[in-house]
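Each protein sequence line maps, in turn, to chains F and S. The opening residue of the first sequence carries number 1 in the working numbering; numbering runs sequentially from there. The opening residue of the second sequence carries number 882 in the working numbering; numbering runs sequentially from there.
Think of the hints as simulated: they come from the structure by calculation, not from any bench. Beta carbons: idealized from backbone N, C-alpha and C, even for Gly. Some clues are possibly wrong.
Short, incomplete list of chain S residues facing chain F, as computed with Cβ under 10 Å [claimed, not checked]: (1) 978; (2) 1072; (3) 1074; (4) 1136; (5) 1141; (6) 1145; (7) 1181; (8) 1186; (9) 1189; (10) 1194; (11) 1195; (12) 1200; (13) 1201; (14) 1204; (15) 1208; (16) 1238.
Residues per chain, in single letters:
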Amino acid sequence: MYNNSIDNILKSKRRLIEHLVNQDKPEAMEAEGGCGVIGFCCTEPVPGKHIHEPSRLMHNRGNGKGGGIAAVGFIPEQLGVTREVLDDCYMLHIAYLDSGCRSDVEKRYVDSVFDIQKTAKLDTVDDWKSVPGLAVKPPDVYRYFVRVKDDVLSKFIADNQFEKLERRDAEDELVNQNSFKLNQEFYVAAKKQMAFVMSHGRNIMILKVVGFAEAVTQYYKIDDLCAHAWIAHQRYPTRGRVWHPGGAHPFTAMNMALVHNGDFANYHSVTEYLKQRNIYPQFITDTEVSALMFDLLSRTYKYPIEYIIEALAPTTELDFDRLPVEKQKIYRAIQATHMHGSPDGPWFFIIARNLIQNRSFQLMGITDTAMLRPQVFAFVDGEVQVGLIGSEKQAIDATLTSLAKDDKRICPVADKYWNARGGSYSDGGTFMFDIVPNEKGIYRLECKDKFGNAVHITDKTESCDFVTETGSSHIKDQIIKAVTNYVEEDKSLVDYFKSNIPVWSFADIWLTCKTLRELAKNNAYTSYVISTLSLLNDQNFPTGNKRRSHILHIVRTELDLLLKSFPKLMSKLEDGNTYRLLDFGTRDDLRKPKDDEKTLVIDAKLFPPEGNECDAMYLVNAFKMGWRNFIVFNCAGQRYIGCGLGPETHDVSIEVYGSCGDYLASGIDGLSITVHGNAQDQLGQIIKDGKFVIHGDVGQTFLYGAKGGSVFVKGNAAGRPMINSVGRPKVIINGTSLDFLGESFMAGDPHNKGGFVVVNGIKFDEEGQVVPLPEPYPGSNLFSLASGGAAFIRDPHRQLVSQQLNGCIFTPFTEKDWELILPYLKKKKKLFGLTVDGKRLKPSRVYRKVAPSIEGVPSTPEKDVYGEEEEVDELVEEEAK
Amino acid sequence: MDQSLENNFNLEEILPANTFKTRVTQTKVERIVKSAPTRYRNEIAKYIIFRNEEKCKLCGKCVATCTKGVHILKQGYKLFASPLSYKCNGFVCEKTDHFCVSNCPEGALRLVKSPMMEALGDYRWPADMMLATWHMAETGNPIPEDCDFEYETGDSDGGFDRIRIAFPDNPVTVSEDEIDISLDLNKRNDGRPNIKIDVPWYGGGMSFGSISNVTQLSKARAATAWNTFSCSGEGGYMERLRPYDDHMITQVATGLFGVREETIQRVRIIEFKYAQGAKPGLGGHLLGTKNTPAVAKMREAVQGIPLFSPFPFHSVYSIEDHMKHIDWMKHINTRALISTKVSTPTDVDMVAVGSYYAGTHIIHIDGGYGGTGAAPDIAKKNIAMPIDYAIPKVHNFLVSEGARDTVVLMASGGIRNYFDIVKAIMLGADGVIVGTAELIALSCLRCSRCSSGRGCPRGIATTDPGLITQVELDWGTQRIINLYNAWTIGIKDILKRLGLKSIKELRGRTDLLRHLDISNN
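Same shape as in the complex, but just chain S (with noise of 0.2 Å):
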C-alpha cells in the first residue's frame, strides 16, 4: 500500500472531521499467489480425453505419465476420478515421452478436441484466449511454453491482433529485479499527493447493478492487494467496500445515482465519466429487471425500472463546464486526483487537450473494442475509433502541445492480456485499464447475456440473492491476484526480451510495433 499519502499529508488537515469515521482501517490485502481452482467440477477444456472404462486396468501409468495431473486415481477407489481434461496440454504431448494416450499399455485413452471450443468465445476474444485467461487466474503463472494456448492475440484481423511487438535479437541484458512496472498518476505537480501504483493498470468501472457486490468486491480486494485501483462505477458507492478506500475510484458518471459530497470525500480518486467507448452517446442503461430491491436503495430509485443515465451530463455542454465540474470535485476533495473518462470520437485528441487545460490528472480514453453483454452490439462495433489508434492520435497531439509529461493518459476498451496492456503503452498510453478480462478472470463465458437481467449463469454480472452465491469474495479475490500477477511476470519479461529496465521506457515505442498490414516493415 502506498503510504505516501499518510506520511505526506495530515489527513485532518484535508477531509472535514465529519468524514473521518469514513476512515476506517483499511483492510490489508496479502499480494500471495495461491492456486484458485475452478469452481467446476468439469471445467470447460479445449481438449478432451476419453477412457474407455472396459479397457482400462488401472495401472496408473497415466497419472505417472502427465505432468499437468489430468488423470486423478485416487487410493480406495475402484476407479478414476473423470479427467480433468481442462489442464490437457493436447496433442503438444504427442512429440513427447509423457504423451498418455500412446503410453497407455491397453489402449484405453483416447484424446478429441473438445467441439466446444468451436462455440466458445468470439473473434475478440477466441477460446483459446479465455482458457488462456482462466489459467492464469487459477495459477497466477503465465501459460508454460508446452501449453498450445493461442492466447497472445485473437481473430478479428484488426486492431491489437494486427500488431506484433518486434523483440531485437540481441537486446541489452537487464535483470528482473532491476524492471520497473510502476506507473506514476499526478504528473501535473499540482499540490496533491502523487499516486504511484505498482502495475501499470488499474480496474475499469461497473457499477453495483451492474456487476454483483461479491464481483465488485473481489475487483477491490484485489487492487488492493497489487497497491492499484478499482472503480466504483456509477451505481453507488457500497458501505462494504470502505476497507478498500485507498484503492477504490468513485465515478461520477451521468446518472449521478449514488454520488454524494460524502463517497467524493472518501477516495483517492475521482472519475469523470463522460462515455464510454463501447456505447459512446448512448449514455447507461441498467435494465429494469436487474433493478432489484438491493439496487434501488443503492441508487435511491424505483425498484424494477429500468435506470438511465443520460448522455451526456446535462451540466456540461462545452469545455469550460468540463473545467467547472472539475473544479467542483477538487473543492470537494482536496486531495482526490480527477481522471475524465471519455470515449473516442474522431476529434478524440481535442477532447483530450481540453481536458487536459480543465485541470485533469489521468485522461481516460476509452476505445470501441471493450463492452460486456450490456452495450447493444451496433454500438459496440461501429461508432467508437478503435483505441490503437486512438492512443498515438492523442500521444502524439499531447506531446505537440507540450502537455505529454504533465499527464497521464490511460487507454481501456479491448485490453485482454498483457500483450496487450504493452502494444497500448508503446502506441503512446501510460497505462491501461481493463475490464473484461477480471470477469473472465471469474469464469465469465462472454456469453454476452449481462444486459438480460438476471441471468448472467456465472453468477458474475448479476443481482440476483441467488446466483451470486455462486462467487465466493476469497476466491474472487484470489482469482483477480493470480491473474494480475501472471500479467506482472509477462510484461516484466517482454521487458526484458526488449532491454528495457522501465515501462516508462516503452511509452510511445511505436519503432518496436509491427503491423501487419504494413509491408516492408
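Excised from the complex, chain F in its bound form (with noise of 0.2 Å):
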C-alpha cells in the first residue's frame, strides 16, 4: 500500500532548508580523518569509565583534537527520573559553546516546543585544565527530558500533511527538524558555534570534546554513569587550527550514535543525495552525512536493517551471484536506488542504537564491501554477556580487562572473535548485538549478521566462577604428584592435560597450573613449564562441557604470574635463573646478558605502543647489547615487535603473549618469533627471512611486500595477505582469508627458490577437532594478478570456482608440488598439534593448485588429470599418515 508520508517527510523538510538553496554555496570542504573506534554493549548496565584503557590504548589513532562518546540504555534512577519518563521522553542534550545563549536558545527551541520533564546541566570538574587530554574548554552541556507539546504537534502534523503518520514518528521528525532549526541558527549561521544539539534521542547520550575520548567522561563526572551500551571514538582530524566540538564523533540521528573510521572518497557525490532529499549537512565531516544517511533510510524510508546495509555497503561479485535469486532481485533494486548514496572507500561504522519498538538496545558494526578498515568482534558468553566491536582487538582485551576487574562474572578472555566479510553474501560485512529481554525482563544478548543469522558463539555453558574460585582441588594430592613425576621424568605434561581436562573442575585445572608455576622455581624446569602453559595456551583440545576462554585465562594468568616473577636485572640474587625481567620502571637498568643470563622477559604493560620508549626499542637495544632470546608479555598493542634488528639476526627468538600490536615481525631477515595468540594488522610487512609463527588469526594487510621467510598461522588471515609478495615466502595458512589474498603475488617458481602459500581451509571444532570451512577460500579474488608463486587450496570439493580468479589458473596439482608443500605442512602439524582422521586420497584430490597464466605458455587444464570422479565426502589430510 502505498501512502504519500515518505514524500510529505521529505517535502517538510524542505521548509527548513529553504533559505540555504538560494544561498551561496558555503565552502563545502569535508575535514579528513582517520579514527580508533571501539563499542561495547552489556547485560548489564557498566559505568562509563571502562572506555578509558581502550581509548587510551588508542591515543595513537586520534591526535587529540577529538574524542567523543555515545551511551544508551540508563539507568533511570542515575539520571533523577522515572523509569517513564527515561523511555517515553527525549533526551535533549545541547550543548553551550556560549553560555550567554542558553535563555535564547531555550526560548525559541525548547521552552515553546517541549513540556519539560526535568532539566539538568551535566556536572563538571571545576578546571577543565586538571583533565589530561583536553585541548579546550569543554562546552556547558544540558540535558532536558521532553515531550513536545501536544498542540505544538497538532499543528506541526497538519502544516505537513503527516495526518497518515503515526504520531510518533511525526513526534521524532518534529524534535529532528527542531534540532536541525537551533543547529542552524546557533552553530551554522554566520559561524557563530555558540550552542548545537548533541543528541536528541530516547534513553540515548552523546557527549564530545576538542581532546581524546576518555577526557568526557572525567570531565563530565560520568565515570560512574551505567548504560547498556557505550562507544568511543578518537579522531584524527587533519583541518582547522581551532577544532571544536561539533565536527567529534559520534554523530546522532534519531535514537542512534554512529562513530566512523576511514574516510570517503565520494563526500560529495552522498551529500548530492542527501540534498536532493532536502537534508544538509551542518557540521561537515562524513561521519554526519553516514549518520544522516543511516536515518534516511530506517526512520523516513523505514527499510530493514538489511536493506539499509545492502544501501550502504552493496553485495558485488562473485558475492552477490551467490545470493538467492529472490535477494538479488530486492539488491539490484535497492543498489540502483541508493547507489550514490553508498559511501564509497574505507570506513568502519560502529552504531549504537535504542530500538524502542523492540525494547532493545543494539550496538553494531558494519565493514564497507572492501573492507579497507581493520575491524574486530568479539561475544563474552556467560551469566553476563558482553558484545564488543573495534577497531584493533588489543582495544577489545583492555576493555574486557577493565570490565572483569569490576565484575568477575566477565571472563577477560572472549568465548569468541571474528572479523566481518565485507559486502559478501555470508555475512554481510554486519554483525550486531541486540540487547533483548526474555520473559523474566532479564537482558540477554544476541548476535546476528546482516541477514539476521545468529552468529554461534559456544555450545560450552559451564564456566569458571573468578569470584570465588579459590584452586583448592579434592584430588589436589594427585595432581601435584602427577605433575611433580612428570616433569621430573621430563615427559609430555600436555597430554596429561589434554586426558584430563575434560573431566577435571576449573579448581583442578587452576591448581594444575599453580603447581607447574610452583615448579618453575626449580630452574631445571623454567623453560619446561613455559613451554607447557605455552602449548596449553596456544593448542585446542577437549574441555568437556568448559568454556575454552576460561581455561586460557587460568593459563594466561598463571603464565603471566610465572614470567613476572623472575628477577629483574638489578637483582643481586646469585639465583642461577637464565630468564631476567625488563618492566617499564626499570627499563633504564638495561644492560648485556651476564653469562648465564640467556633470556630478557620483557614486561610490556606500561610501555607506550611505539616511539623510543616503546618496549620494541628497548628489545632493539637490549639486542645491540648481546640478548639473543626474548618474552615478550603483558602486551597491550605494543607495536613494532621485533621491527629494527637488521640483517642476519638468525640466532635470535622472541616469544610474544598478550594483545600485540600492529607491525608485529615487520621486516624481519633472520630471527624467529611467535606469537601467543591472535593478532593484528600489518603483521610481517617486507619480511625477508625467519620463521614467524601465529597461533591465532592475524589482521589486515598480513605480509605485504614480503621477500622470504617461512610464515605458519593456525587460524585466518583477515582481507589483503600476501600482496606484492616477491622472493620466497613460504606461509601456510591454516583457516582462510577474507579476500584478496595474494594479490600481485610475484615470488618466482615455487620450485625454483620462488614462494607459494597453502591455504588449508580448515578450522579446530570446540572438541579440538578440525574441520572443514564451510569453503576453503570464500572471497572474490584469489591470486589476482599474480605473476609468479603459487596458491595451494585445500579444496577436495571443488569448490573454488574460476570466477575468482584474475588473470591465474587452476593447473594440476602435481607429485613435485606435494613434496614441496609437505615438509611444510609436517611442520605445521608439529606447531599447531593438528591431527586428523578421514578417508585419505591422493594428494592431487585434495590440494589444487592456482598459478599465473604466463603468456605464451600453454597451461594444462586441470581437469585432464583427475581421470574418474571418486566420491569425496569426508575430511582428508594425506599428511596425517
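With the hints as a guide, bring both chains together as one complex.
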C-alpha cells in the first residue's frame, strides 16, 4: 500500500532549507581524518569508566583534537527520573559553547516546543585543565527530558500533512527538525558556533570534546554513570587550527549514535544525494553524512536493517551471484536506487541504537565492501554477556580486562573473536549485538549478521566462577604427584592435561597450573613449564563442557604470574636463573647479559606503543647489547615488536604473549618470532627471512611486500594477505582469508627457490577436532594479477570456481607440488598439534593449485589429470599418515 | 659533505651492530666543474652552418672570428672538420663583428636554423630549454648573455611559463659571497639530526629498472659532490650505491620492491611515496620488457613480467595508518628523517597537514607537470593539480595552522631550471626536487619512449646491457655536477638582483612574482 508519507516528510524538510538553497554554496570542504573506534554492550548496565583503558590505548589512532562517547540504555534512578520518563521522553542534550545564549536557545527551541520533565546541567570538574587530554574547554551541556507539546505537534502534523503518519513518528520528525533549526541558527549561521544539539534521541546520550575520548567521562563526571552500550571515538582531524566539539564523533540521528573510522572518496556525491532529499549537513564531516544517511533509510524510508546495510555496503562480484535469486532482485533494486548515496572508500561504522519498538538496545558494526579498515568483533558469553566491536583487538581486550576487574563474572578472554567479510553473501560485513529482555525481563545478548542469522558462539556452558574460585581441589595430592612425576621425568605434560581437562573441574585445572608455576621455581624446570603452559594456551583440545576461554584465562594468568616472578636485571641474587625481567619501571637498568643469563623477559604492560620509549625499541637495544632470546608478555597493543634488529639475526628468538599490536615482525631478517594468540594488522611486512608463527588469527595486510621467510598461521588471515610478495616467502594459512589473498604475488617459481602459499580452509572445533570451513576460500579475488609463485588451496569438494581468479588459472597439482609443501605441512602439524582422521585420498584430489597464466605458455587444464571422479565426502589430510 | 651527523652522533649507538658493515667509507666525489662535452659527434643544434667546400680556401678566418669555437681546422688536415654547430650563436652574430658568414672572404658559409628545432621538445620543454640545459651540463655555467636561447620559460602558456619574477629597480646591494642557498631538512627539533644540504634541491626518485644503474649512480655521485641527495626510487637499493649512503634517500613505495630493514637503516632520509604527480592514483608499472634479469633479481620478482606497484599502500587507508607507517620507519632507523611524497589532489593542503601531524619531516608535493614517458599522457595532463597552484595552497594552510616553520615543504613536478626553482620557492616551497632535468643533462631527448622497454635511444632510461654502455659514469656524473653548478650561479644571481642574502628569505615572496594572467600588476 502506497501512502505518500515519505514524500511528505521529505517535502516538510524543504521548508527548513529553503533559505539555504538559494544561498551561495558555503565552502563544502569535508574534514578528513582517521580514527580509532571501540564499542561494547553488556546485558547489565556498566559504568562509563570502562572506555578509559581502550581509549587510552588507541591514542595513537587519534591526535587529541576530537573525542567523543555515546551511551545507550541508562538506569533511570541515576538520571533522577522515572522509568516512564526515561523510556518515553526525548533526552535532549544541548551543548552551549557560549553560555550567554542559553536563555535565547531555551526560549526559542525548548520552552516553546516541549513539555519539560526535567532539566539538568551536566556536572563537570571545576578546572578543565586538570583533565589530561583536553585541548580546549568543553562546552556546558544541558540535558532536558522532553515531550513535544500537544498543540505544537498537532499543528506540525496539520501543516505537513502528516495525518497518515504515526503520531510518534511525526513527533520524532519534529524533534529532528527542531534540532536542525537550532543548529542552523546558533551554530552554522554566520559561523557563530554558540550552541548545538549533541543528541536528541530517547535513552541515548552523546558527549564530545576537543581532546581525547576518555576526557569526556572525566570532565563530565560520568565515570560511574551506567549504560548498556557505550561507544568511544578517538579522532584524527587534519583541518582547522581551532577545532570544536561539533565536528567530533559520534553523530546522532534519532535514537542512534554513529562513529566512523575512515573517510569517503565520494563525500560530495553522498551530500548531493541527501540534498536531493532536502537533507543538508551542518557539521561538514563524512561521519555526519553517514548518520544522516542511516536516519533517512531507517526512519523515513523505514527500511529493514538488512536493506539499510545493503544500501550502504552493496554486495558485489561473486558474492552477489551467490545470493538467492529473490534477494538478488531486491538488492539490485536497492543498489540502483541508492548507489549514489553509498559511501565509497575505506569506512567502518559502529552504531549504537535504542530500538524502542523492540524494547531493546543494539550495537552494530558495518564494514565497507572492500574491508579497507580494520575491525574485530568479540563475544563474551555467560551470566553477564558482553559484545564488543573495535578497530583493534587489543582495545577489545583492554575493555574486557577493565570490565572483568569490576565484575568477576565477566571473563577477560572472549569466547569468540572474529572479522566481518564486507559486502559478502555470508555475513554481509555486519554484525549486530541486540540486548533483548527475555520473558522474565532479564536482558540477554543476541548476536546476528546482516541477514539475521544468529552467530554461533559456543556450545560449552560450564563457566569458571572467578568470584569464588580459589583453585582448591580435592584431588590436590594426586595432581601434584602426577605433575611432579611428569616434570621430573621430562615427559610431555600436555598430554596429561589434554586427557584430564574434560573430566577435571576448573579448580583442578587451576591447581595444576599453579603447581606447575611452583615447580618452575626450580631453574631446571623453568623453560619446561613455560613451554607447557604455552602449548596449553596455543593448542585446541577437548574441554568437556567447560568454556575454553575460561581455561585460557587460567593458563594465561598463571603464565603471566610466572613471567612476572623472574628476577629483575639489577637483582643481586645469585640464583642461577637464566631469565631476567625488564619492565617499564626498571627499563633504564637494561645491560649486557651475564654469562648464565639467556632470556630477557619484557613486561610490555606500561610501555608506550611506539617511539623511543617503546618496548620494541628496548628489545632492539637489548639485542645490540648481546641478548638473543626474548619473551615479550602482557602486551596491550604495543607495536613494532621484532622490528629494527636488522639483518643476520638467525640466532634470535622472540616469544610474544598478550594483545600485541600492529606491524609485529615487519622487516625481520632471520629471527624467529612466535605470537601466542591472535594478532593484529600489518604483520610481517617486507619480511625477508626467518620463521614467523601465529597461534591464532591475523589481521589485515599480512605479509605485504614480503620477500621470504617461513610463516605459519593457525587461524585465518583477514583481508589482503601477501600483496606484492616477491622472493621466496613460504606461507601456510590453516584457516582462510577474507579476500584479496596474494594479489600481485610475484614470488618466482615455487619449484625453483620461489614462494608459495598454502590455504588449508580448516579450523578447530570446540572438541579440538579439525573440521573444514564451509568454503576453503570465500572471497571473490584469489591470487589476482599474480605473476609468480603458486597458491595451494585445500579444496577436496572442488568449491573454488574460476570466477574467483583474475589472471590466474587452476593448474594440475603434481607430485612435485606435494613434495614441496609436505615438509611445511608437517612442520605446521607439529606446531599446532594437528591430527586428522579420515579417508585418505591422493594429494592431487585434496589440493588445488592456482598459478599465474603466463602469456604464450600453454596451460594444462586442471581436469585432465583427475581421471574418474571419486566420492569425496570426508575430510582428508594426507599428512596424517 | 655534512659532518654534523658524524660529529653529533655516535653511530654505534644508533645502528645495530650487524649493519656496521654497510657503513663503508663514503666515496668523495669532488665538486669540480669540468667540461663534459656532448657524447655525439654531431650534437643536435639550433643552427646549422653549411660550408661550401668548393668555395672554401681554407684561409681559417672563420676560426679566428668565431668566439664559440664552431669552426675547427686541425693542423695538418686538408679539410675543415665539420662545424660544431651546436655551439653556434646563430643570427645573433649578424650584428657583431664576429659573424663568420659575413666575414668569410669567399662567401662559403651559410647559416640556417635547424629544421630539427621544429621536431625537438614539446610545449613544456621546448627545444631551446633542452639545448640550454645541455649547454649548462657541458660547461657548468649559465647560458651566456649573447646566446639566443629562450630558456627561462617554456611555451606551455600555463604554470611557471605564465609567471615572471619582478626584479626591483634598485635592489639592496649584496655581495655574492654573502648569499646562502643552503637548506635545513629537519625543522621539527625532535632529537633527530638536522641535515643541511648545500643547494635548495635534491634529485627525484627513479628506480633501478626505470633507469639504468649508470644513470642512478651518476645522480647519486653528483648529489654527493653537491652535498645534497638523490633518491633510490622503489626498485631496490643497489649495492653499488652504498658508498653514497649518506646522500641517498631510500624510497618506500607502494610496491615495497627491494625495501628491507637493511636498506632502510643505511640512509639518512626515508621517503614514503604515496603517489606521483604525473600519475596519481595509478601506482607504478614497470613494463615486462624492462624487467631484465638484473632488475628481476633486484626486485626478487620474475623476469620479463610487468611489475605493478599498487595504489595506494594497502596498509595505509587512513591518516592514523600513515602515522603508524612513519612510526615504523622511525623505529627501524632511529636517525633518519622522514619525507612523505604525495601528489596534488584538490585537498592536498589537508593531506600535507595530516602528514605533518603524523610526524613527517619533509612534505614532498608532486604536481602534475612532471613525469617521463612512462606515465600515460592522459594521466600526466589531467589528474594532479599543477604544482604552481598546489605550493601556495599548502604553504598558506601550513602557515594558518602554525606549522609552517616546523616542517620542510619540497615541491616537484615540472621543475625544469633554476627559474622554476626560484619561482617554486617564491610561491612558498622551501626547496624543490628535480627529475627530468637531470636526465636532460645526460642528453635525454624527451622522446617519451621510456615506457617502451629497452628502447631508450640515449641509453638513460633503459636496463638493456648494450644500450646502457652509451653513458659513462664519470661523464654522467660530471654533466649533472655541471648543471647543478650553473643553477647555483643562476640562483645566486637572481637573489642578488632581488637584493636578498638567503634563499630562506625568498620563501613565500609572492609579492615579487607577476602572473601574466593578472593585469594591472
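Hint-by-hint comparison with the structure:
Here the hint on residue 978 (chain S) is broken, as its CB sits about 64 Å from the closest CB of chain F, past 10 Å. Because the beta carbon of residue 1072 (chain S) sits about 8 Å from the nearest beta carbon in chain F, less than 10 Å, this interface hint is met. Taken as an interface hint, residue 1074 (chain S) does not check out: its beta carbon lies about 14 Å from the nearest beta carbon of chain F, beyond 10 Å. The restraint placing residue 1136 (chain S) at the interface with chain F holds, with a minimum CB-CB distance near 6 Å, inside the 10 Å limit.
Interface restraint check: residue 1141 (chain S) against chain F, minimum CB-CB distance 5 Å, threshold 10 Å, status holds. A hinted interface residue such as residue 1145 (chain S) counts as satisfied when its beta carbon comes closer than 10 Å to some beta carbon of chain F; here the least separation is about 7 Å, so the hint holds. Below 10 Å, beta-carbon pairs count as interface contacts, and residue 1181 (chain S) has one with chain F at about 4 Å; its hint therefore holds. About 4 Å separates the beta-carbon of residue 1186 (chain S) from the nearest beta-carbon of chain F, less than 10 Å, and the hint is met.
The interface hint given for residue 1189 (chain S) holds, since its Cβ lies 5 Å from the closest Cβ of chain F, which is under the 10 Å cut-off. The criterion of a C-beta within 10 Å of any C-beta in chain F is met by residue 1194 (chain S), whose closest approach is roughly 8 Å, and the hint holds. The criterion of a C-beta within 10 Å of any C-beta in chain F is met by residue 1195 (chain S), whose closest approach is roughly 5 Å, and the hint holds. For residue 1200 (chain S), the shortest C-beta to C-beta distance to chain F is roughly 4 Å, which falls under 10 Å, so the interface hint holds.
Because the closest C-beta pair between residue 1201 (chain S) and chain F is about 4 Å apart, less than 10 Å, the hint holds. Hint status for residue 1204 (chain S): holds, given a least beta-carbon distance of 7 Å to chain F, under 10 Å. Because the beta carbon of residue 1208 (chain S) sits about 4 Å from the nearest beta carbon in chain F, less than 10 Å, this interface hint is met. A hinted interface residue such as residue 1238 (chain S) counts as satisfied when its beta carbon comes closer than 10 Å to some beta carbon of chain F; here the least separation is about 5 Å, so the hint holds.
When each numbered hint is compared with the structure, violations occur for hints 1, 3.
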